[in-house]
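**Student:** Sequence:
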Amino acid sequence: MSRPFFIWTMRRTGGTTLTDLLMSLSEYPTIDHEPFLIDRSLGDVTRAYMSKDLARAESLLRENFDRGVLIKHCYEILGRGFNDLLLRTIAEYPAYRHIFLMRRDETARMLSLMLAYQTDVWGKHGSEWVYEEIRSGRKKLEPFDLQLLKDEEERAIQETKHVKEMLDERGIEYREVYFEDLYTGEAENRLKELSDLFEYLRLDPEKIASKEDEIRRMIFERSQKSQSVMEYVPNLQEARKILDTFPRREVITGTLHNVNQKKESENMAQKTFDKMTLYLGAHKTATTHLQGILYANHKRLEERGIRLTMPGAVRKEWLPAFFRYCKEKDKASRETIEKLAPPKGTWLLTEENIAGVSNDFTIKSGIYPHVGARLKCLHSAWPAAEMELFFSLRSYETFYRSAYSEVVRNRGYIPFDQFYDEERFRGNSWVETVKQFVEVIPQEKITLWRYEDFRQLVPEILRRMTGIEDAESMIAAYHAETTRPSLSQKTIDILDTLYPVLDRKESKRLVERINDAYPVSGGYAPLRTFDDETEEKFRRQYERDVAQIRKLFPRINFLTPES
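Counting in our numbering, the sequence shown runs from 1 upward without gaps.
Wrong hints could be hidden among the right ones.
Think about it this way: if two alpha-carbon atoms lie no more than 30 Å apart in a straight line, the pair counts; the simulated DSS-like pairs of lysine-lysine are [unchecked claim]: (1) 327 / 192; (2) 435 / 364; (3) 299 / 275; (4) 164 / 331; (5) 505 / 207.
Label pairs and their computed distance ranges (CB to CB) [said to hold, decoys possible]: (6) 244 / 299: 37 to 45 Å; (7) 303 / 202: 25 to 33 Å; (8) 38 / 66: 22 to 30 Å; (9) 205 / 496: 29 to 37 Å; (10) 31 / 150: 28 to 36 Å.
No lab work stands behind these hints: they were computed from the structure.
Cβ atoms here follow ideal geometry from the backbone N, Cα and C, with glycine treated the same way.
Can you build the whole structure from these sequences, using the hints too?
**Tutor:** Structure representation (structure tokens):
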């Protein structure tokens, strides 16, 4: 039998989605969210507390705790005295499991809260219509109330600290869960976090298996996308600065678990390199070619104080450790990621999978939706290092086709309609990806180009990336290797025929053999994923989005053949 649960959280932490999910898997009684609000199912408890009838308030609580009622409570709303009443009473019920749900990116949580105050959008329902009104200009956002912002953040810090202290004082064990671990990052890691939480609550494995599709939809697709309209807040940057410099926020964010960890971070910053140059893709934009040129000149780069780290040195050990570090900030992961970092000079780190992988498209909306969080993690690991970013964009119709090919080759065959869902892809935009970049890295330190212009821009990209003016000699030092041929339509058709009888692992072993037998070079038609009309629509969107990026971020170094 499972355990009843009590979720301690604050607004804008993904608590509604998590609570809905856990309630759907539990056999215990469910009630509405935030049940202690006056107009909700346990509002009588609050009324009794406010009228100082504590005996009645405790009696009402026990009636519900006796039944194992499942509860999510935003502790910053009703205040310290009410939280003390809850803690004092529920301490008598050891069967309850306690979950402390927080958000590491406290700035994002608070900005989302302030936006909700202004738009009155508190859930996904109605958000699309309101946000479209804002994006279209029909609804104007007002500046955030900065005093309210400060008051809310101070209250959040004080109440979080107090509730944790009271849980510890009463010997109530609780499990810390973070928004980022459930709703961002690699799908495998997120599902593992959920699985651990299910086990903590002793939820029925058969019931979990029967709701697998629903679980995936709730975790991977249920989002309000409030960040899509945040840029329309007139004083956004001022609000962000206030939050980013707010004292004692580690109580909430968990990014500094103790004083020793802070000292470790400072020591790490003091003894390491000065500059981090990141070349992160995108995938299928000739990254292998450019990486090959860099590697052919790695000794030359070393002489200039530039340490080159290629994907092959990263993927087996460093990358998993980096993802763990971003999640847990643990000492072991920190030590692992430090091993590759040079002691001085410039670290030129090139690995597309830091941004994401092609399989992400099958799970969640957006192009590299987690790249911003990962850039922030890199910055937090080496805060003293200057960061710069190099990145290539590609027209959507060919980028999606190439990403699908990579999924088939690396994960095994799935039909294209399982990869591409029009509704999930609808909001995809390079504009949103670049917005994540500029949240972490100054515009002047970001260099972008279109993949379609790559051949003409190679020398200039190399000059900017390495500081070596004689880029032509770098290119001459590289003897290009033969790349994998593109998949033919015939290869995909054969795999589709075999799909009902082969699992993905089996189909993965056959992909290259089939493509060798029916290659594009042998006259077989290349893979076609979209009709002419859809391809033209994507090309037009790409041109609009490139123009929008250049307009929104005029200080980004956007390379063109003309420039």
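**Student:** Against each hint, give a clear statement of whether it holds in the structure.
**Tutor:** Now for the hints, and whether the structure bears them out:
no., hint, verdict
1, 327 / 192, "holds (13 Å)"
2, 435 / 364, "holds (18 Å)"
3, 299 / 275, "holds (18 Å)"
4, 164 / 331, "holds (23 Å)"
5, 505 / 207, "holds (27 Å)"
6, 244 / 299: 37 to 45 Å, "holds (41 Å)"
7, 303 / 202: 25 to 33 Å, "violated (60 Å)"
8, 38 / 66: 22 to 30 Å, "holds (23 Å)"
9, 205 / 496: 29 to 37 Å, "holds (33 Å)"
10, 31 / 150: 28 to 36 Å, "holds (33 Å)"
Violated hints amount to a single one, hint 7; each of the other numbered hints is respected by the structure.
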